[in-house]
Amino acid sequence: MIELEGLTKRYGEKVAVNNLTFAVRPGIVTGFLGPNGAGKSTTMRMILGLDRPTAGDVRIDGTHYDRLKDPLTSIGALLEAKGVHPGRSAYHHLLCLAQSNGIPARRVHEVLDTVGLSAVARKKAKGFSLGMGQRLGIAAALLGDPRILMFDEPVNGLDPEGIHWIRTLMKSLAAQGRTVFVSSHLMSEMALTADHLVVIGQGRLLADTSMAEFIQRNSRSYVRVRSPERERLLDVLHGAGITAVENGNGTLEVDGSKAEHIGELAARHQLVLHELSPQQASLEEAFMRLTAESVEYHAHSDTPASAERWGDGWKEGRA
Amino acid sequence: MTAAQVVRSEWTKIRSVASTVWTLSLAVVVTIALGMLIAALSRSEFDSMSSRDRLAFDPTFISFAGMSLGQLAMIVFGVLVVSNEYSTGMIRASLAAVPQRGTFLFSKLAVATALALVVSLATSFAAFFLGQAMLGEHRASIGDDGVLRAVIGGGLYMTLIALFSMGVAAMLRSPMLSLGILMPFFFLISNILGNVDATKKIGRFLPDQAGSKIMQVVPPLDDDTPYGPWGGLGIMALWVVAALIGGHVLLKRRDAQ
Numbered sequence: 001m002i003e004l005e006g007l008t009k010r011y012g013e014k015v016a017v018n019n020l021t022f023a024v025r026p027g028i029v030t031g032f033l034g035p036n037g038a039g040k041s042t043t044m045r046m047i048l049g050l051d052r053p054t055a056g057d058v059r060i061d062g063t064h065y066d067r068l069k070d071p072l073t074s075i076g077a078l079l080e081a082k083g084v085h086p087g088r089s090a091y092h093h094l095l096c097l098a099q100s101n102g103i104p105a106r107r108v109h110e111v112l113d114t115v116g117l118s119a120v121a122r123k124k125a126k127g128f129s130l131g132m133g134q135r136l137g138i139a140a141a142l143l144g145d146p147r148i149l150m151f152d153e154p155v156n157g158l159d160p161e162g163i164h165w166i167r168t169l170m171k172s173l174a175a176q177g178r179t180v181f182v183s184s185h186l187m188s189e190m191a192l193t194a195d196h197l198v199v200i201g202q203g204r205l206l207a208d209t210s211m212a213e214f215i216q217r218n219s220r221s222y223v224r225v226r227s228p229e230r231e232r233l234l235d236v237l238h239g240a241g242i243t244a245v246e247n248g249n250g251t252l253e254v255d256g257s258k259a260e261h262i263g264e265l266a267a268r269h270q271l272v273l274h275e276l277s278p279q280q281a282s283l284e285e286a287f288m289r290l291t292a293e294s295v296e297y298h299a300h301s302d303t304p305a306s307a308e309r310w311g312d313g314w315k316e317g318r319a
Numbered sequence: 001m002t003a004a005q006v007v008r009s010e011w012t013k014i015r016s017v018a019s020t021v022w023t024l025s026l027a028v029v030v031t032i033a034l035g036m037l038i039a040a041l042s043r044s045e046f047d048s049m050s051s052r053d054r055l056a057f058d059p060t061f062i063s064f065a066g067m068s069l070g071q072l073a074m075i076v077f078g079v080l081v082v083s084n085e086y087s088t089g090m091i092r093a094s095l096a097a098v099p100q101r102g103t104f105l106f107s108k109l110a111v112a113t114a115l116a117l118v119v120s121l122a123t124s125f126a127a128f129f130l131g132q133a134m135l136g137e138h139r140a141s142i143g144d145d146g147v148l149r150a151v152i153g154g155g156l157y158m159t160l161i162a163l164f165s166m167g168v169a170a171m172l173r174s175p176m177l178s179l180g181i182l183m184p185f186f187f188l189i190s191n192i193l194g195n196v197d198a199t200k201k202i203g204r205f206l207p208d209q210a211g212s213k214i215m216q217v218v219p220p221l222d223d224d225t226p227y228g229p230w231g232g233l234g235i236m237a238l239w240v241v242a243a244l245i246g247g248h249v250l251l252k253r254r255d256a257q
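Read top to bottom, the protein sequences are chains A and B.
Per the UniProt record's numbering, residue 1 is the first one in the first sequence, and the count goes up by one each step.
Per the UniProt record's numbering, residue 1 is the first one in the second sequence, and the count goes up by one each step.
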C-alpha cells in the first residue's frame, strides 16, 4: 500500500505535482497515467524519498520511506533513467544494491535469471541495449522480493516480446497479492495491464477509478449511419424518437440505439443506406479528451482559481 | 540497515569499476617515478650547489617531489568515486537502497579513504626508499630524526588530498566541474600564490602547502612558517573537514539527481 496525502512539489514558481491524494492498493495493478511532463516521475521519486516534497506526505505501508528497514525488501522500483554505471557489470550492479540491504548474493542470480540476463551477467552495462537496461532495472526492483513494486514507463525500449513479458510479470506480481504501481503515457498500454487507474495532468489528479468504470464512463458507443436521403432518414429517426447528430461530412451519429434497430427501421421505410456501422470511441481518445483539457488550461489561463473549478467539475461529472 | 552492510556495498562498487584501478596505479607510478627522476637530478647537481643550499638540502623531501603530479591522479580518484554516482544516475538507485544519506556518504568515503590510505602509504614508502637509492651518498636513512614521520606523513597527505576531492565532488556533483576546479587549484593557483611574496602568507594556509610541511625534514633557510609538520597537516585536515561538511549538508538537502 502506498498512500499519498496532499503531495506537492514546486520548482520555484512551477508546480510539478499539485496536491495529489490517492492510495495504491495491493493485489491489483494500478496504472499511473498522464501525458509526458504531467509529474509522474517526480511523484514516483518522492515516493522513494529521492525528491523532497514541498508539501504533503507519502507513506509506504504506513511508514515513511527513510524509516523502512532495508527498503528494497519493502518496495522495489524501476525508475525511468537507466541509472547504471556503464563500466560495472550487471552482476556487480545488483550485488552492491543487494549487500546494502542485507540481501544474499544468491538472490542476485535468481533475479538475473528471472529477467533473462544471466548470460550477460558479467558483461559491462555500457554494451546493453535499452531493452537490456530496462530488464536490469526490473531485476533491481525484484531484488528484495518486495511487497510493493513500482515501475516508471517499463515498456519503453522493449521489443514486443519484452512488452508481453513485462505485462505478464506485472499481472503475476499483483496476483501474488503485491502492490503494483506502473506509470505510462499510453492509455492502450494501461488498458491491457491495469485494474485501477490514476490519471494526472499538469501535476493534478484527474481521475482515480477502476479500469472497468473508466471504460464504461469514457468509451462512448454509437452507430454511424450514412444515406443519400439524409433528410428523410432524419425524419424517420425523429419519428421513432431517436436523436441523431450530424457530424459534418454527411454522416449521422446515433447514440443509444443498436445498429440492428436502425437498419430494420430504414428497411421498413425503404431507405437506402450506404453505411450502418457500430462505433466505439477508443480509450486513447477518452484519455486524450481528459488530459487535453488540462493542457488547454495551462495554455489559456494563469489563474489557479479556474484550475480549481476545472478539476472539481470533472470530479462532479464522475460522481 | 546497518553501516556494515553499506560499507560492504560500497566496497563492491569501488572494486567493480576500472577507474579505481587506473587512477590509483597512475598515482603510484607517477609519484614514485617522478620522485626517482628528481632525486637522480638532485644528486648530480649537489656538487655545484652553494654551501647555503647544501645546508637546506632535504633528501627526504626530494624523494616526494613526484607527489606534486601524483596527487592529481589522487584527485581524479577522489572525484570519480563520488561523482560517478551522479554522472551515471546510479545515485537514485543508491539512495533508494540507502535512504539514510549520511550513512551512504560516509560509508562511501570510509571505503575510498581506507583504500587510498593503503595505496598512499605504500607509495610513500616506495618513493622514499627508491628516491634515496637514487640520491646515493646524499641519502637520508629511515632511522634519522623526523624521517619516519615524513614518510608516514606523505601517505597521510595523499590520502587527505583524495578525501578533500571527495568532499568537493559531493558538493559539486559533476565530475567535469569538480576536476575543472581542483586540478588548476592544486597545480597552478596554489603554486602561484605560494611563490609570489605578496600572497605567500595566505598561500601557505592552502591545504596542499600546509599539508606538505609534514614531508619536510630539513626546514628551508629563513623558514618563518607559523606552524610545524603536524600543525600543517592539521590545517589541511580542517580544509578536508570543511569540504566533507559542505558535501554532507548539500547531499541531505538536495533532491537526488
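Read the hints as simulated data drawn from the structure, not as lab findings.
Beta carbons are placed, not taken as given, at the ideal position from N, Cα and C, and that holds for glycine.
Incorrect hints may have been included.
Said to hold, decoys possible - Computed footprint of chain A on chain B; a stretch qualifies when at least three of its residues, placed anywhere within it, have a C-beta under 8 Å from a C-beta of chain A: (1) 8 to 22; (2) 78 to 89; (3) 97 to 106.
Said to hold, decoys possible - Straight-line Cα separation of at most 25 Å, PhoX-like style, residue types lysine-lysine; simulated pairs: (4) 69/A to 252/B; (5) 200/B to 82/A; (6) 126/A to 14/A; (7) 171/A to 123/A; (8) 126/A to 171/A; (9) 14/A to 252/B; (10) 82/A to 124/A.
Structure-based check of all given hints:
1. Chain A is given as covering the segment 8 to 22 of chain B, and this holds because 9 residues of the stretch bring a CB closer than 8 Å to a CB of that chain, at least three being needed.
2. For a cut-off of 8 Å, the count of residues in the segment 78 to 89 of chain B with a CB near a CB of chain A stands at 3, and the three-residue condition holds.
3. For the segment 97 to 106 of chain B, the stated coverage by chain A holds: 4 residues have a C-beta nearer than 8 Å to a C-beta of that chain, and at least 3 were required.
4. With a C-alpha separation of about 19 Å, the suggested pairing of residue 69/A with residue 252/B holds against the 25 Å cut-off.
5. A threshold of 25 Å between alpha carbons decides the hint, and for residue 200/B with residue 82/A the separation of about 48 Å lies outside it, so the pair is violated.
6. Distance restraint check for residue 126/A and residue 14/A: the Cα-Cα separation of roughly 35 Å exceeds the 25 Å cut-off, and the hinted pair is therefore not satisfied.
7. About 30 Å separates the Cα atoms of residue 171/A and residue 123/A, which puts this hinted pair outside 25 Å; it is violated.
8. Using a Cα cut-off of 25 Å, the hinted pair residue 126/A and residue 171/A is violated, with the two alpha carbons roughly 30 Å apart.
9. Between residue 14/A and residue 252/B the alpha-carbon distance is near 23 Å, which keeps this suggested pair within the 25 Å criterion.
10. Taking the CA atoms of residue 82/A and residue 124/A, the gap is near 14 Å; set against the 25 Å cutoff, the hint holds.
Figure legend: structure checked against the earlier numbered hints; hints not met, in rising order: 5, 6, 7, 8.
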